[in-house]
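Got chain A; can you put chain B on it based on the hints?
If you want the building blocks of each chain, they are given just below.
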Amino acid sequence: MLELRKDIFADERDDNLKEVGKPTQRQDMLGHVTGTSAYYDDHRFANLLHLKILRSPHAHARIRSIDDAAAARAPGVKRIIRAADVPVNLNTLLSLIQFGKDDEPSLATDVVRYKGEPVVAIVATSERAALEALALVRVSYEPLPAVFDVEEALKPGAVSVNAAYPKNTFEYYNKYDHQKLRFGDADAAFAQADIVLDERYQMSPIEHAPTETNGSIAVPDTNGRFTVYTSTQALFFSLDTAAKINAMPSNQLHFIGGTVGGGFGGKVDTLTEPLAILAARLTGAPVRHRLSRHEEMQFGSPRGGERIYIKDGVMRDGRIIARKVRAYFDSGAYTRLSSYAAVKCAAHIPGPYTIPNVYADVYCVYTNRTPATAMRGFGVTALDFALECQMDKGAAAVGIDPLEYRMLNAYRDGDMKAHRREAKNCALIECAQVAAGKANWPLRDEFRRMSSRAGGGAQRTGGGADRTRAPAPAAAATRAVPATPQRVSYERPAAAAPTQSPPPPPRTPSPPPAAQPAGSTHGAPRFSSVFGTRRR
Amino acid sequence: MKTPVQFRLNGEEVAAFAENGANLLDVLRESVGDLSVKGGCWQGTCGTCTVLIDGAPRLACITLAESCAGKSIESVAGLRRGADLHPLQSAFMERFAAQCGYCTPGMLMAAKALLDRNPNPSREEVVDAIAGNICRCTGYEPIIAAVLDAARGEDRRRA
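Chains A and B, in that order, are what the protein sequence lines are.
For the first sequence, my numbering gives the first residue as 753, with consecutive numbering after it.
For the second sequence, my numbering gives the first residue as 59, with consecutive numbering after it.
A portion of the hints provided could be inaccurate.
[Stated by the list, open to error] Residues from chain B that face chain A, not an exhaustive set, calculated with beta carbons under 7 Å:
1) Ser94
2) Cys99
3) Ala135
4) Arg138
5) Ala156
6) Cys158
7) Gly159
8) Pro163
9) Asn176
10) Arg194
11) Thr196
12) Tyr198
It is worth saying that the hints were derived from the structure and are not from the lab.
Quantities reported herein were computed from a predicted structural model and do not represent experimental measurements.
Backbone N, C-alpha and C fix where the C-beta goes; we use that ideal spot for every residue, glycine too.
Okay, chain A solo, but in the shape it has when bound:
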């Protein structure tokens, strides 16, 4: 059962939660346990056709020729779809928000860039007929050298993977080959550090492996539109992508989904809908495009692999005074969402810790591997793994308890982050205290009394306080710090009160919730960390 700890930051709470902390049944649970929830493939249509794809057996090859004459004569075959049949055969998912160049074809034209890349589609009266016809297609390939390692791909003379990005790196703002973070002077700080920890971390690609594979059924409607039943996690995103690739107005498409047999990020790539719709247009019949389990594993995008180098400068008292990160996100052969993953990675550095000197370069790199995509915190997850391993190693190096080492370096309210944002509403220390209590993990008194609300701001990073013997941040970083004085009190400023209808809460450290005026429960925006107004 969920436990709500209202004693923590109790002076800031005016909530009287009606739903959180109480069990509520999911609206789809009855359908799930009775087998009546309708997934995309639980819709039946007369004369349904089946689309199957011939895929590249090579990680990198030039297509010399394709001979589909025998396949076209095979029993049950209704239509063969080639690259030239796709109205807009080059797309990138985030082009819908003007982020990145179109770089990925629906069906390969002259070159295949990863094993499993779609080459030819066959539409037939049964999956079996489609598969048997696929076996009759003859493709002549000229294998090309391939690159599978992010650092190899960045070396001079490396194989060029993606025609839109010949240098094997995504281009931010059509100009920059990586994401850059600079704060303070890391190199100067390393020279003063007692210990320098230089480590390398790596995470392999991970397949989401949802029990329901990616798939969709496109059905011609009576009014010229197409109804599409789909497993997608991103209904309108997929609708717009399918409309773009098929060069049709999006109001000709009606997407029906929402009941997804597991996604975890692996069903945002619009892998099946565009060709299913095209096949339905070309045949006038409903067409199902369902990935086999093998296709899901080989062609369905995984979480991208990452390689991360972290160099920390640590003082013997446990303070981290510098952190340098070089990270490579393996996008595979095409961009899909990896460009965004690298942005998230850069935004997460250096983790929830106040480090006065930070230096990071994050690259989104193309290799001849299966294109990567979203998966549960992608861009951040591997980095967090690396950062927290690094924290354990740092704690061991200076002989400090790993939890206390984290608390020592944790963000406190008022600290300046490497991204020139002031840390607000910090709670890592309090979380660590509760976790330590639950796990009977011994914390020294000093750490049991520690607070996210004390010791932040200039006291730690700007110089002056006894903790801060570290080199002060470079001038550029100092300039970015707002000129407002550091907070010494964490009571709500009275100025905030006029925008709220309830009277300002009592200025006592921990008033019991019952002592608050009854009208104060509607302060939802004030409580929202989204607006950043909870504590400040």
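Quick look at chain B alone, frame taken from chain A:
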């Protein structure tokens, strides 16, 4: 070439014409129309399509449809008794033992096979019974708890 095949499904006699080599999963879904049985891998590895054949849990995707002639097949569509849910279904609801729900039909049938032959299973026996069923959402613990609840008759649902 199609072969007629007749069997009992959830207590009712059904008949279908099966393509040569057709598996039970396709016949149940495409010919008989029981869409409660889901396909996950079509190669006998994920357990999603688990049904009971004469009381034993079997993978419909690698069971030859013709081999089911004259047999009694149970799917999750027949688990409910009228308006009442099977104790396993209630326990799954209470324990939040389904998230995406796609593995749930197979998971329920694997659990039913266990409880039908062993009404008081240990935790280890529950784990063993669902070991062939992959769930990618729950982490299994809620499922194990639900099966144990159902076995203990702990329908914790409040009226």
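Do the hints match the structure? See the list:
no., hint, in the structure
1, Ser94, "holds (3 Å)"
2, Cys99, "holds (4 Å)"
3, Ala135, "holds (5 Å)"
4, Arg138, "holds (6 Å)"
5, Ala156, "holds (4 Å)"
6, Cys158, "holds (4 Å)"
7, Gly159, "holds (3 Å)"
8, Pro163, "holds (4 Å)"
9, Asn176, "violated (21 Å)"
10, Arg194, "holds (5 Å)"
11, Thr196, "violated (11 Å)"
12, Tyr198, "violated (13 Å)"
Violated hints for the displayed structure, listed by number in ascending order: 9, 11, 12.
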